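Colleague: Now for the letters of each chain:
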Amino acid sequence: MNIKQQVPRNALVWIIISLFALVAPHAGRLPIWVLAVYVIAVVWRLQVHRGLWSFPGRWVKVAMTVSSFVGIYVSYGTLVGLEPTVALLLTAFALKFIELSQRKDAYVLLFLGYFICITEFLFSQDLLITLYSMLTVLLVTTALVALHQPGQNRFNRGTLKVAGVMLLQAMPLMIVLFLVFPRFGPLWTVPLKTHAAKTGMSDFMKPGDVATLSQSADVAFRVKFDGAIPAKSDLYWRGLVFSRLEQDVWSGLGYYDVPPNEQRQNEVVVEGTPLRYTVIIEPTQQNWLYGLHYARARSAGIMASSDYRLVSPAPVETEYMYRVNSWGDVAVEQELSEWRRNTETKLPPQGNPQTRQLALDLHAAAASDEGFVDSVLSFFTSESYVYTLRPGRLAGSDSIDQFMFQSRRGFCEHFASSFVFMMRSAGVPARVVAGYQGGEINPLNKTVIVHQFDAHAWAEVWLDNKGWVRVDPTNAVSPMRIEMGLEEAMASEGSFLAAVPLSPLRYRSIPLLNQLRLRYDALTYRWQSWVIGFNSERQFDLLHSLFGEISARVFATLLFGSWALVLIPVAISLFMRRDTRPVNRLDKHYRIFCDRMALLGLVRAPGETPGQFLSRAQEALPAFADKLKLITGLYSELAYAGERNEAALAKFTGTVNQFKPDRRRGVVVNDSVTL
Amino acid sequence: MASVQPSAERQNQKLNENPSIRERLRSSFNRWVKRRIPPAREVTLDQRRIFIFPSRTGFFFGCCLLVMLIAAINFENNLSYALTFLLATLFIVAILHTYANLSGLTIRAVRAQAAFPGQQSEFVVMIERGKRRDHYALYLKWPSSSEALVNLVDVDSVKVPLHMPVDKRGWFHPERLLLESTYPLGLLRCWTWVDLDLRALVYPRPLSSAELPGLATDTPDGASAMVPGNDDFFGFRDYRKGDSLRQVHWKGLAKGHDMQTKQYTAYADRSVWLDWELFPALGVEQRLSHLCYWVLAFDERREEYGLRLPGVTINPAVGEKHREQILKELALFGTGGSTR
Chain A
1 MNIKQQVPRN ALVWIIISLF ALVAPHAGRL PIWVLAVYVI AVVWRLQVHR GLWSFPGRWV
61 KVAMTVSSFV GIYVSYGTLV GLEPTVALLL TAFALKFIEL SQRKDAYVLL FLGYFICITE
121 FLFSQDLLIT LYSMLTVLLV TTALVALHQP GQNRFNRGTL KVAGVMLLQA MPLMIVLFLV
181 FPRFGPLWTV PLKTHAAKTG MSDFMKPGDV ATLSQSADVA FRVKFDGAIP AKSDLYWRGL
241 VFSRLEQDVW SGLGYYDVPP NEQRQNEVVV EGTPLRYTVI IEPTQQNWLY GLHYARARSA
301 GIMASSDYRL VSPAPVETEY MYRVNSWGDV AVEQELSEWR RNTETKLPPQ GNPQTRQLAL
361 DLHAAAASDE GFVDSVLSFF TSESYVYTLR PGRLAGSDSI DQFMFQSRRG FCEHFASSFV
421 FMMRSAGVPA RVVAGYQGGE INPLNKTVIV HQFDAHAWAE VWLDNKGWVR VDPTNAVSPM
481 RIEMGLEEAM ASEGSFLAAV PLSPLRYRSI PLLNQLRLRY DALTYRWQSW VIGFNSERQF
541 DLLHSLFGEI SARVFATLLF GSWALVLIPV AISLFMRRDT RPVNRLDKHY RIFCDRMALL
601 GLVRAPGETP GQFLSRAQEA LPAFADKLKL ITGLYSELAY AGERNEAALA KFTGTVNQFK
661 PDRRRGVVVN DSVTL
Chain B
1 MASVQPSAER QNQKLNENPS IRERLRSSFN RWVKRRIPPA REVTLDQRRI FIFPSRTGFF
61 FGCCLLVMLI AAINFENNLS YALTFLLATL FIVAILHTYA NLSGLTIRAV RAQAAFPGQQ
121 SEFVVMIERG KRRDHYALYL KWPSSSEALV NLVDVDSVKV PLHMPVDKRG WFHPERLLLE
181 STYPLGLLRC WTWVDLDLRA LVYPRPLSSA ELPGLATDTP DGASAMVPGN DDFFGFRDYR
241 KGDSLRQVHW KGLAKGHDMQ TKQYTAYADR SVWLDWELFP ALGVEQRLSH LCYWVLAFDE
301 RREEYGLRLP GVTINPAVGE KHREQILKEL ALFGTGGSTR
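Residue numbers (our numbering), protein chains in the order written: chain A, 1 to 675; chain B, 1 to 340.
With the rest of the complex left out, here is chain A:
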């Protein structure tokens, strides 16, 4: 084999290390047999290395490739989509490792490794994942360097240093490129629907759904207000509007359920200064976004639905940042269309007769729709309803009747659903709104962290002249939930995050842990807002604030200027190493003399003594015989003198410095030196 193609043992070790480092963060998403393939691959390759086994034959390779395709298909049920693709990539990586025998195989393997690093980011751009990925990039680069250090048969950590230094040198340039590279939209749409279930709101709601969601301590989104943070009890993050009730399940209107003339949002006249805030939402794989009433997106590309929600055209698949303005007390949809009124008062023809009757009675007793709302709320307050995370199962058909008149224990969705049912029974337009309520304020960076357990459902009622008005029946039952939060509301029950005993949120009472948690969260926010949320808008703002008017020239100057700034020090550090040649003045100046003679075509041969060189030079340049003799004489004298003779040395160096031969004319210029 070509000696250039050999893979040093040190490189093999580094490749194995990076192999495992690459697969580790994916391990949780992979079928267990893929991990087994990794172990087999490494064992096989090591046995080949020890000369015990041989490389797999062609048919073995074909069989392994086919069976891994089949395996992925069986495990995922499909070959399309992000997870199966990544699993295929990782399996191919392991199989390629078995047949690694030449350097070119290693290139393919390691470049594939870089690509696997990228796929990890499609699942999460978390700070810790990023730090870990930097480590794997370092390991893969180290393996690449080790590949070019022949004869290194022992594990060598020095290779790590070479790779690390190169990556550090590349870092500043990478940042410049990151900041100035134009961001444009996707070239084509990519199917990225992840098969992993995400905790979060779904587009329908049945009793018990929100209570289940409240067992999760995951972060739903983080919000940063430009000004002061409003009171917690005002933070109703609208995400979904449920206008349709079928078989105890509330769901939103689909695109085709809304007639074309109702698709557009009614014009809303806003006045006063809005609340300005920025939301960074964690991936939901859904289209809807969250905002406070009445929300208008400041970021481009966000649509407004006819029920006054914010909708992203594409599912939110990675952390996504958007900016919103909200006007809290603006009335929306003061004129209700006929279609809208019909839709928002529609109920299944049968079921829950008791509740219907109760609604009709209360409505008859009330003077107005507003009075009716108040009397329903006070009914909830007076009739000792219990707000609980453990409402128990409501079986059978008339579940609202059961809740209203038998169990009387419910979570927010029970109250909201019953309330809207009663409104609609009496012909008052009403709908269920789902989203989050409240949030935790991080005192370190003044962000509001909204967790999954802040999930909430409430109601909106349409009133004459007021339009849609928010009504939260939960507030009537448990004001604590709205003002303080779920943890406080559930303090006596002890059911807060009962399913996740290790969540750091459960240990908020320990100051040190809480401080650490908040600090990390603040860091995450900063990371998300600066790195993950960096888009064309932020890019424009940043460049504009730094350089004013942005033109192609500014771009080019910035790019090349910064590259020069970084590359020049790198070059200096590389080339300005200490000379191995002697540095004492005598030898240095004799060398200068020789270099100048070389310009005249008189090159001192290796091993030629100064004396021999002198006689040769004198023959070639008789006009300067004296000076050549002087220089050589002084050099020999000084070289063999026991002690230093500063005066003679100075004379020698001076003479050499003034000896400047002219290459073109082959003569020595500047001959007017007094010796």
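Please keep in mind that the hints were generated in silico from the structure rather than gathered at the bench.
Just so we're clear, the structure is a prediction, and the values are computed from it rather than from any experiment.
Backbone N, C-alpha and C fix where the C-beta goes; we use that ideal spot for every residue, glycine too.
Hints are all accurate, no fakes.
Cross-link-like lysine-lysine pairs, in silico, BS3-like; alpha carbons within 25 Å at most:
no., chain 1, residue 1, chain 2, residue 2
1, B, Lys141, B, Lys34
2, B, Lys141, A, Lys104
3, B, Lys131, A, Lys588
4, A, Lys651, A, Lys627
5, A, Lys104, A, Lys4
6, B, Lys141, B, Lys131
7, B, Lys131, A, Lys161
8, A, Lys651, A, Lys588
9, B, Lys159, A, Lys4
10, A, Lys588, A, Lys627
11, A, Lys4, B, Lys141
Partial selection, computed: residues in chain B whose CB lies under 8 Å from chain A:
no., residue
12, Phe60
13, Cys64
14, Phe75
15, Asn77
16, Leu79
17, Ala94
18, Ala100
19, Ser103
20, Tyr136
21, Tyr139
22, Pro184
Add chain B to chain A, keeping to what the hints say.
Modeller: Same frame as chain A, now just chain B:
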């Protein structure tokens, strides 16, 4: 004949054009390289002498980066952007590192071994570093030689032997020595072609002949004359520089005497003249080949022999130096090469 049909001629020219353009390009490239890196016993690599270009792996890596960039754009994933840019700038930084791996190295011609045609001649070059930095994976090769991959780690110089088959009598000049390296990432190839002014002597191919026809001897009467030789022990004399170590009287030296050389005699009547005229019927190369064979034969037998070529006469003697001198004359006879 001036009346060749012009069109046919042009067509002929056209047919030959492709190779001739190629040849012309090659020769002009060679001329350019020769101007840029003139032949020398010792070459220190600097920016005039080092070429650098992405390797095939580098282009492959570039394609991978493009795919990564498309992934980053399509998924609008900032960290994918960041990693792609990091790798792209790593490529840029690698230019400096790859270049630095060759820069400052000095390549020095050490020696070239003389050889017979069909044998491998050993060429030794020395690589020296100029700065205290490690150099890895230096790949050396002459167009027809064996290859070597060496590191300069914790040492200032390394000697590299390369073997090359030689075939024609006379001086053998290898073409330019290729020194290349793709360290540290393999993405860039950095190389130089140096002409080390190193040449190997190629002797004539020995051709045996059963008898040496008409031995020419110096003393026709066969009188015994004392000529130093290797046959019979004669006595001791003081060691002189250049005496064979095999003939040193080591036992005496061990006893504390001065260094002495054992002397042997050979009989002058055995001293032979290997004469050009011995093979009158043959061509130049064949004559030289036969002479070469007999040089080796007499040297083997430790007999004295001299050489007479047109214009060259070397008196009979015996020994390694003598043999080398004669072989050199045979190797260079008629080639115009100087034996000095």
